[in-house]
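Visitor: From just these sequences and the hints, can you work out the full model?
Chains as they are written, first to last, in the numbering used here: chain X, 484 to 588; chain R, 1457 to 1570.
Since the hints were made in silico from the structure, they are not lab data. For every residue, glycine included, the Cβ atom is placed at its ideal position computed from N, Cα and C. It is possible that part of the hints are untrue.
Far from chain R, some chain X residues (derived; all Cβ distances over 12 Å) [as the list claims (entries may be wrong)]:
hint, residue
1, S535
2, K553
3, R583
In silico DSS-like links for lysine-lysine, alpha-carbon gap of 27 Å or less [said to hold, decoys possible]:
hint, chain 1, residue 1, chain 2, residue 2
4, X, K519, R, K1513
5, X, K553, X, K539
6, X, K542, X, K553
7, X, K519, R, K1470
8, X, K553, R, K1465
9, X, K519, X, K540
10, X, K542, X, K519
11, X, K519, X, K553
12, X, K534, X, K519
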Amino acid sequence: GQQVMQIPQYQHVQEGEDFTTYCNSSTTLSNIQWYKQRPGGHPVFLIQLVKSGEVKKQKRLTFQFGEAKKNSSLHITATQTTDVGTYFCAGYLFFGTGTRLTVIP
Amino acid sequence: NAGVTQTPKFQVLKTGQSMTLQCAQDMNHNSMYWYRQDPGMGLRLIYYSASEGTTDKGEVPNGYNVSRLNKREFSLRLESAAPSQTSVYFCASSRVQGAGETQYFGPGTRLLVL
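Guide: See the structure below:
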């Protein structure tokens, strides 16, 4: 069956450092979504990428969809304590394993 | 709009007990989902309902049953709880089912099976 893996599983950064999480699917995706889950909270939709090679930005967050539509990345520039949480990528009915981000003030 | 609501928030069960997790949405969404979340495993789909009157198995359906009671409500039942079912359970809904549909999640139910 389809598998969606994310690396790293955990990332600790100093506030102000950059952060990147990578998502890899075993199959080609028609689109990919990203969700954020704050500690103790529930996943909240961030963005969706549809086109091969697509890049979208939300303030300090940059999302990319691979040319083969099998991988994606989320990059956060100059992390802040409000960025703390777990970031998930998601294909159709499948979620990635998530990357838990800790930001050290 | 409350969005997606789940009850209870927390539950402790003994092995072999049964319980039903309730989920309701007020967004007039057609599709609803049940996930479980375990450390390091991400979110895994248990069952989903594309529309009222239909349900389908997801990735990890064993040990669970579901009922799509009406368009608003989708319940998850554990007939004989096992310690392996200790997890956080999230209900979600989307306008329709399909790739590209945004899912809206409830606050979760934290279940401990002793």
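Visitor: Now, for every hint given, state plainly whether the structure supports it.
Guide: For each hint, the structure was consulted:
For S535 of chain X, the non-interface assignment is confirmed: its Cβ lies about 15 Å from the closest Cβ of chain R, beyond the 12 Å cut-off. With a closest Cβ-Cβ approach of about 14 Å to chain R, K553 of chain X is found to remain outside the 12 Å limit, as its non-interface label requires. Distance check for R583 of chain X against chain R: the nearest CB is about 9 Å away, which does not clear 12 Å, and the non-interface claim fails. For the suggested pair K519 of chain X and K1513 of chain R, the alpha carbons sit about 25 Å apart, so the restraint of at most 27 Å is met.
Straight-line distance between C-alpha atoms of K553 of chain X and K539 of chain X comes to about 17 Å, which keeps the hinted pair within the 27 Å bound. For the hint pairing K542 of chain X with K553 of chain X, the CA-to-CA distance comes to about 25 Å; that is within 27 Å, so the pair holds. Between K519 of chain X and K1470 of chain R the alpha-carbon distance is near 32 Å, which puts this suggested pair outside the 27 Å criterion. Distance hint between K553 of chain X and K1465 of chain R is unfulfilled; the C-alpha atoms sit about 36 Å from each other, more than 27 Å.
About 15 Å separates the Cα atoms of K519 of chain X and K540 of chain X, which keeps this hinted pair within 27 Å; it holds. A hinted pair counts as satisfied when its Cα atoms are at most 27 Å apart, and K542 of chain X with K519 of chain X qualifies at roughly 15 Å. Proximity of K519 of chain X to K553 of chain X is assessed by CA-CA distance (about 20 Å); at most 27 Å being required, the pair is judged to hold. Taken as a hint, the K534 of chain X and K519 of chain X pair is honoured in the structure, with Cα atoms around 21 Å apart against an allowance of 27 Å.
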